[in-house]
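Start from the sequences, fold in the hints, and give me the full structure.
If you read the sequences in order, they're chains A and B.
Anchor point for the first sequence: position 129 equals 129 in our numbering, and the numbering is continuous, going up by one each time.
Anchor point for the second sequence: position 88 equals 88 in our numbering, and the numbering is continuous, going up by one each time.
Derived from the structure by calculation, the hints contain no laboratory data.
Just so you know, even glycine gets a beta-carbon here, dropped at the ideal spot from N, CA and C.
A hint or two may mislead.
Stretch-level coverage of chain B by chain A, calculated; a stretch enters the list once three of its residues show a Cβ under 8 Å from a Cβ in chain A [claimed, not checked]:
{"no.": "1", "region": "84 to 93"}
{"no.": "2", "region": "112 to 118"}
Computed list of chain B residues with no C-beta within reach of chain A, every gap over 12 Å [unchecked claim]:
{"no.": "3", "residue": "52"}
{"no.": "4", "residue": "72"}
{"no.": "5", "residue": "73"}
{"no.": "6", "residue": "75"}
{"no.": "7", "residue": "127"}
A few chain A residues facing chain B, derived, Cβ under 7 Å [as the list claims (entries may be wrong)]:
{"no.": "8", "residue": "20"}
{"no.": "9", "residue": "24"}
{"no.": "10", "residue": "38"}
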Amino acid sequence: MGINFDKALGIHEQALTLQSRRTALLANNLANADTPGYKAQDIDFRQALQQASKGQSNFALTRTDARHLNGQSRYLSSEAQYRVPLQPDTGDGNTVDPAIEQAAFAQAAVQYQTSLQFLGGKFRSLMTAIRGE
Amino acid sequence: MDLSNVMDIAGTALSAQSIRLNTTASNMANADSISSSIDQTYKARHPVFSAIQQAMNNEYGLGGVRVEGIVESQAPARPRYQPDHPMADEQGYVYQPNVNVVEEMANMISASRSYQTNVQVANTAKQLLVRTLQLGQ
Chain A
1 MGINFDKALG IHEQALTLQS RRTALLANNL ANADTPGYKA QDIDFRQALQ QASKGQSNFA
61 LTRTDARHLN GQSRYLSSEA QYRVPLQPDT GDGNTVDPAI EQAAFAQAAV QYQTSLQFLG
121 GKFRSLMTAI RGE
Chain B
1 MDLSNVMDIA GTALSAQSIR LNTTASNMAN ADSISSSIDQ TYKARHPVFS AIQQAMNNEY
61 GLGGVRVEGI VESQAPARPR YQPDHPMADE QGYVYQPNVN VVEEMANMIS ASRSYQTNVQ
121 VANTAKQLLV RTLQLGQ
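What follows is the structure, encoded as structure tokens:
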């Protein structure tokens, strides 16, 4: 009997990947806090996690024939959406609110660590099972 | 790994903001460097930021921010009537740069705040990376 890592590790692996992507997105918002015309982006985490746990690749077009081109675009991810700004007119078209982005970044970092803790626990219990102590 | 992208992104922001701090320092330093003709008068310089798209290899094609270029302010130089000044022209005018000191101070504070924020972002990403590497130990 082999260990099925997908079943053993549960949803935390996907959650970890998504959280790290979200931190990249939020870091990009913070980096562009002073860029004219930049629009802040974020992902709907619940929806993205549902997609990821079902194994759906984001924004992939359904291929009904083997000769169809693979319609997946790395740069047009369906996950990333523009944030609705609290203050629509900032004068230069930038919609980054540093306070909101910083809070979201801190939240994403904590959630990443949470997923990491859970994964660590899973690994520890696997090790315990293997050693049979 | 997206967390190393976070550090790259924060790094681009740090360099962009430090260029902004540099131009601000240059403007402030030259706020009083008067000259005898409009053409030779120092002009305030400001960086133009733009978002980097599709440059790096992460999921969303995000790469942070870059400085597109540094533009000189088109605001007119301020003439000052000072006939006894050694650099005054025939009409008795010296020309002050179009540096707005209040604007530059606000710029400096904004740039240093953004710099701090991005240092924190890079720091957090580093901590998360280190913890990820320690996973299972």
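Exercise. Failing hints, ascending?
Worked result: 1, 3 and 7
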